Amino acid sequence: MTRTRAGQIAGYVAMVLVVLAIAVPLAWVVLTSFKERGDIYSQPAIWWPRVFAASNYSDATTSVPFWRFLTNSVIVTGALAIIKFVLGIASAYGLVFLHFPFKRLIFVVVIAALMVPNQITVIVNYSLVAQLGYRNTLLGIIVPLAGVAFGTFLMRNHFLSIPAEIIEAARMDGAGHMRLLWRIILPLSGPTMVAFAVITIVNEWNEYLWPFLMADDSSVATLPVGLTKLQNSDGLTNWGPVMAATVLAMIPVLAVFLVLQRQMIRGLTSGAVKG
Amino acid sequence: MVELSRRGFLAASVTAAAGAVLTACVGSGNSGSGSSGGDSNTITWWSSHPGKSTDVEKELITRFQQANPSLTVQLVDGGKNYEEVAQKFNAALSGGAVPDVVMLSDVWWFNFALIGAIAPLDDLFGKASVNTSDYVDSLYNDYAWNNKHWALPYARSTPLFYYNKALWQQAGLPDRGPTSWQEFDEWGPRLQAVVGSGKLAHGWGNATDYLGWTFQGPMRTFGGRYSDQFDLKFTEPGSIAAANYLRSSIHDKKYAAISNDIANDFGAGIIASTIASTGDLSGIAKNARFDVGTAFLPAPNGPGCVTGGTGLAIPAKISDQRKVNALKFIDFITNTDNTSYFSQKVGYMPVRKSALSSASTQQFLAKNPNFATAVNQLPKTTSQDYARVFVPGGDKIIGTGFEQIGLRNADVNSTMASVQSQIQQIIDRQITPKLPK
Amino acid sequence: MPADTERTLPRSGGGSLWNRPWRDWALFLVIVGPNLVLLGVFTYRPLIENIRLSFYDWNISSDTISFLGFDNYVEWFTRDDTRTIVANTVIFTVAAVLGSMVIGLALALLLDRTLRGRNLVRSVVFAPFVISGAAIGIAFQFVFDPNFGLVRDLMHRFGLGAPPDFYQDPHWALVMITVTYLWKNVGYAFVIYLAALQGRREDLAEAAAIDGASSWTYFRRVLVPQLRPTTYFLSITVMLNSLQVFDIINVMTRGGPLGTGTTTMVYQVYEESFVNFRAGYGATVATVMFVVLLVITVAQVRIMDRGRDA
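Chains as they are written, first to last, in our numbering: chain F, 46 to 320; chain H, 2 to 438; chain Y, 18 to 327.
Chain F on its own, in the form it takes in the complex (with noise of 0.2 Å):
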C-alpha cells in the first residue's frame, strides 16, 4: 500500500516537473508578447509585464492581411490533409492486403521519399509550377505537397499489427475489401488515424519554404508566410511583435488539437486495439 502511495506521490511530482518544463518557456513566449520594449530588455528579467501592451497584437493583425492569411492556411491544410488521409489509408491498405508484384520494394520506395530534403526537391518543382502556370495559386501550393510517405508507413505499421486471426474470420464470411475495410479494419484504428491526422495537419499548417516559394501575394499566402511580414529585413530585432506573431501563429493549429486531442484520447482509451 505505502509503495503505490510513494508511487502515486512521485507520479504526481513528475507530471508537475513535465508540466512545467513545457509551460514555462512557454509562458515565457506569452508574457514577452504583451511587454513594451524596455520590459523585455531589462536585467534581471521582467516576468510579468508591468504594462500589459496589446499594441504588439494589434500590429500583427491590422498591418497585415491577417484573417486572409488564416483563410488560405484553413484551405491549404484542410485540403492536404483531406488528400493526405485518404491517400495514405488506401495505400497502406494496398501495400498490405492485396497482392502486387515487389510490394517490399514499392514500400521502400514510399518511405525513402522522406529521406529527400525539401531543399532539393523546390527549384525543379517550382519550375514545373511555373511552367503549367499554377504559380501564386493555391492549387499550386497544395498539389506538390499532396503525396504522403509518413502516412502510408504510419497507417502500414498499425495494419500489419492487425491479428491475422481478425482478417482471416472476416474473409471466412466473405467479407470484401469495402467491408473489410471500413467493418474491420478502420475501426481497429482509431487512434492511429487520429495520430496521422494530427500530425498532417501540423506539418502542412507549419510548412513554409514552398508555400512561400509560390506565393506572389496575400491572396495565397499562408499564416506562416504572411506573419514573416511583421519582422524587421534590417536592422533589430524587436522581440515583442514577433512574439506576438508566434502566438498567433500557434494558436489556431493549438486549437484544432485540443479538439482532436479529446477524440485521440478517447481513441487512446477505448482499448482492445493491439497498437
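To be clear, the hints were calculated from the coordinates, so they are not data collected in a lab.
In this text, all values refer to a predicted model and were calculated from it rather than measured experimentally.
Careful, some of the hints might be misleading.
Claimed, not checked - One side of the interface only, derived from the structure: several residues of chain Y facing chain H at Cβ under 7 Å:
#1 76
#2 78
#3 79
#4 110
#5 164
#6 184
#7 267
#8 271
#9 273
#10 274
#11 275
#12 276
#13 291
#14 294
Unchecked claim - From chain F, some residues computed to sit far from chain H (all C-beta separations above 10 Å):
#15 54
#16 64
#17 72
#18 96
#19 109
#20 112
#21 115
#22 150
#23 154
#24 173
#25 180
#26 270
#27 296
#28 303
#29 306
Note that the Cβ used here is the ideal one computed from N, Cα and C, for glycine as well.
Following the hints, complete the assembly by docking chains H and Y onto the known chain F.
Only chains H and Y this time, still in chain F's reference frame:
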C-alpha cells in the same frame, strides 16, 4: 474537392509524361518560357520591405501610378530578408516568370550580374531619362562592375558608431566619437573602469551581425583592406594590424568582446559602444533609457566607413519595353521627393544629392541630430571590397575568421591567411572562369 | 523478394476476391497509384535531377552548366569542413533519436498511469509539437539569450552563475539546438508510444502486477519486447525527421558559431545551393546523405519486418 484532385492529377500525369523533356531543360537554358509572360503595363516589384516599410512602399506605388496612369505596379513579398528575396529570384530564374524590379542587397547582386541574369542599366538610362549624376556617387558606384551599372541604390545604410553618453561622461571622455581607433584604444580601458561588471566598453558584432561588413571601415584606417578588386589583401601588414587591434581589444586589454546582438545589447546598456547599421537607429533610440550618441566611424586618414544596404535591379530576360518601364519606376521612387520621404519614414539614407540638400531633408536633420550624423557621414563613405560583396559566401568566411580571432584568440596571421586562401579558391573556381575577357 | 512481400497477406483460399490476383493488381493500382504518381513527380523527379546535378558545376541562377565528373565527390571527401559537418549531423541525430525515444517512452509510461489530470498533461506534452520550427527557433533564441533570456534568469535566480556560451561555443550551440529540437518534438514519440501502450496489455500488466514481478523486470521482459515494432518505427521516423531540421538552425544560429558550429548536412545543402551558388556541390552533399540514409533505412525496415514475424 473532386474538381481539385482531378485537375491536380491531370497536371501530374501531363508532367509525368513530359518529365524527361523537362528534366533535360533545367539548367540548359531552354526553360525561358517565363520571359514571354508578364504584361508590359504591369510592373511587378519584389521587395522584402526593409525596415518594415510595406506601407511606405505602397505609398510610393500610389504616387507612381498617379503620375503614370497607364502603368500599374504590383508589390510582391519577396521574402522576410534579402537572402529570401535572392532565393526566390533564383527559383524564378530556373523557370518561372521573373519580376520587373527585384531588390538585391550588396552581397547578392554581383552573382546575378556575372551570369547575366540582371540587365546592365547604362543603355536604358537614356530611354527612361534617368539623371544618374544626381545619385550620391559612392552609392551609385556600388553597383559598377565591368564598366557598367547593374542596379540603382534604394534602401541604403552605412555603419555608424553608437555610444552611451552617460558612460562617456562618467569616464570623463569628450562627448564625441573617437577620431581614430588608436584613440579609442586609450579610451577603452577608461570606459571599462566605469561600466561595471559583466559589461563592456565596446561590443563587436558576430558573423551574422555583419562584423565582416562593419569592420571594413577600421581595416581602411589601419591601411589594410580585404581586397583591391579581386586581388586579395588579407595578409597585407595593414590588414594584419587591424585584425591584431581587434584581437588585443578583446584578449589583451579586455574592454571589448564579440556580442550576439549588438543593437539590443547596446540599447540595454550592456555594451557602452558599438558599430551598427544606420538602419538600427530608430530602434535603438526607442529602446535605450540613456542618451544615445552617434558619431562617424573614426576616419583620421581617408575613408573609415563603407556603404551597405540594398538596391533595385532589373532582370535581363524581360522585354525592353518592360525594362524601360521598370527603370522609370525605380527612378521615380528614388527621386528627390520620394527618397526623402522614404528615408524620413524608414531611416535609410537619401540616395540623391538633391534630396540631401532639399529643405525637407534639412528640416528633418535639424530635428534628428543622430540621423544627421549618418547622413553627413555619407559623402565620406566608400564602396565595399569585392572579397566580401562579390564572392559568394565571402561574408561568412570573413566573419568566421574574425570570430576565430575574437572568440578563440586564434593566431591572427594564420587565420587571415586561411581566410585569404578560402576566398581565393572560390574566386578561382566560381568567378575567374566567368569574367569577361 | 516475392516470398517476402506475400508474407504478410492472409493465405488465399475459398473467398471470392482473394484468389484472383489480377483484380488485386488493378485495385492496387487504383488505390496506391495516385500516391506513387505524386511522389514520383514531386519527389523522385527532383531527386533524380539532383543526382544528375551532383556531377555538374551549376550556379543555380545560371543557364549554363558544365560537367565535372566526380570532382564534387572528391571535393566532399577531401574538404576540411566535411568531417565537422558530418560529426555535427551524426551527434545531433543520435541525440535526437535517443532523446526522443527515452524521454517519449518515460512520459508515455508516466501518463499511462491512473493519475488525476493526466489528460491535461498529455495535451501539454504534445503541444510544442504543433508549433512551427521557425516560431520555436525564434522563441528559444530569446529563451537562450545570454543577457535577457529565460535560461540566464533561472540560473541567476538559483545561484548557478552565468549560463554557458550558447551562441559562441560550438559545442554548447549544438546542445542548445538539440534541446530546442527535443523540447519541440518529444511529444511525437510520446504520442506514438502512448498509442502502443494503450492498445497492448491490460491482461499482461495486471498479471505481472499480481505476480509481484518487480517493475524493472516487467519493463525489461514484457514491455520492451512488446513495444519493439513501435520503437523501430520511431527510430526510422525520428531519424529522418531530425536529419532534415532546418528552421531551428536557420533561425537560431545560421549554422554558426565559428562558421560550422551547428551546420548539419541539410543546412549545408541549403547554404551551398542558395547562398554560395554551388547547386552542384549542394546536390553532391544531398546525394551522399540520401544514399547513406537509404542503406540505414532499408536495414531498419528489414529488421522491423523480421521482428514482427518472429
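Do the hints match the structure? See the list:
1. At a threshold of 7 Å, the smallest CB-CB gap from residue 76 of chain Y to chain H is about 6 Å, leaving the interface hint in force.
2. About 5 Å separates the beta-carbon of residue 78 of chain Y from the nearest beta-carbon of chain H, less than 7 Å, and the hint is met.
3. The closest approach between the C-beta of residue 79 of chain Y and any C-beta of chain H is roughly 4 Å, which is under the 7 Å cut-off, so the hint is satisfied.
4. For residue 110 of chain Y, the shortest C-beta to C-beta distance to chain H is roughly 24 Å, which exceeds 7 Å, and the interface hint is violated.
5. Below 7 Å, beta-carbon pairs count as interface contacts, and residue 164 of chain Y has one with chain H at about 6 Å; its hint therefore holds.
6. With a cut of 7 Å, the hint placing residue 184 of chain Y at the interface with chain H holds, because the nearest CB-to-CB distance is about 5 Å.
7. Hint status for residue 267 of chain Y: violated, given a least beta-carbon distance of 10 Å to chain H, over 7 Å.
8. With a least beta-carbon distance of about 5 Å to chain H, the hint placing residue 271 of chain Y at the interface is held under the 7 Å criterion.
9. Given the 7 Å rule on beta carbons, the hint for residue 273 of chain Y holds: about 6 Å separates it from the nearest Cβ of chain H.
10. At its closest, the beta carbon of residue 274 of chain Y sits 6 Å from a beta carbon of chain H; the interface hint therefore holds under the 7 Å criterion.
11. The closest approach between the C-beta of residue 275 of chain Y and any C-beta of chain H is roughly 5 Å, which is under the 7 Å cut-off, so the hint is satisfied.
12. Among the interface hints, the one on residue 276 of chain Y holds; its C-beta lies about 4 Å from the nearest C-beta in chain H, closer than the 7 Å criterion.
13. With a cut of 7 Å, the hint placing residue 291 of chain Y at the interface with chain H holds, because the nearest CB-to-CB distance is about 5 Å.
14. Interface restraint check for residue 294 of chain Y: the shortest CB-CB distance to chain H comes to about 5 Å, inside 7 Å, so the restraint holds.
15. Against chain H, the non-interface label of residue 54 of chain F holds: every CB pair exceeds 10 Å, the least being about 41 Å.
16. In this structure residue 64 of chain F is separated from chain H by more than 10 Å, as the shortest Cβ-Cβ distance comes to about 30 Å.
17. Distance to chain H confirms residue 72 of chain F as a non-interface residue, since its nearest Cβ pair spans about 21 Å, more than 10 Å.
18. Even its closest Cβ contact with chain H, about 15 Å, leaves residue 96 of chain F beyond 10 Å, as expected for a residue assigned away from the interface.
19. Here residue 109 of chain F does not stay apart from chain H, with its beta-carbon only about 8 Å from theirs, under the 10 Å limit.
20. Annotated as non-interface, residue 112 of chain F keeps its C-beta farther than 10 Å from every C-beta of chain H; the closest such distance is 17 Å.
21. Residue-level check passed: residue 115 of chain F sits 16 Å from the nearest beta carbon of chain H, beyond 10 Å.
22. With a cut of 10 Å on Cβ distances, residue 150 of chain F stays outside the contact zone with chain H, its closest approach being about 19 Å.
23. With a least beta-carbon separation of about 15 Å from chain H, residue 154 of chain F lies farther than 10 Å from that chain, consistent with its non-interface assignment.
24. At roughly 6 Å from the closest C-beta of chain H, the C-beta of residue 173 of chain F falls inside 10 Å, breaking its exclusion from the interface.
25. For residue 180 of chain F, the shortest C-beta to C-beta distance to chain H comes to about 6 Å, within the 10 Å cut-off, and the non-interface label is violated.
26. Here residue 270 of chain F does not stay apart from chain H, with its beta-carbon only about 8 Å from theirs, under the 10 Å limit.
27. Every CB of chain H lies more than 10 Å from the CB of residue 296 of chain F, the least distance being 21 Å, so the non-interface label holds.
28. The claim that residue 303 of chain F is not at the interface with chain H holds, since no C-beta of that chain comes within 10 Å of its own (minimum 26 Å).
29. The Cβ of residue 306 of chain F sits about 26 Å from the closest Cβ of chain H, beyond the 10 Å cut-off, so the non-interface label holds.
When each numbered hint is compared with the structure, violations occur for hints 4, 7, 19, 24, 25, 26.
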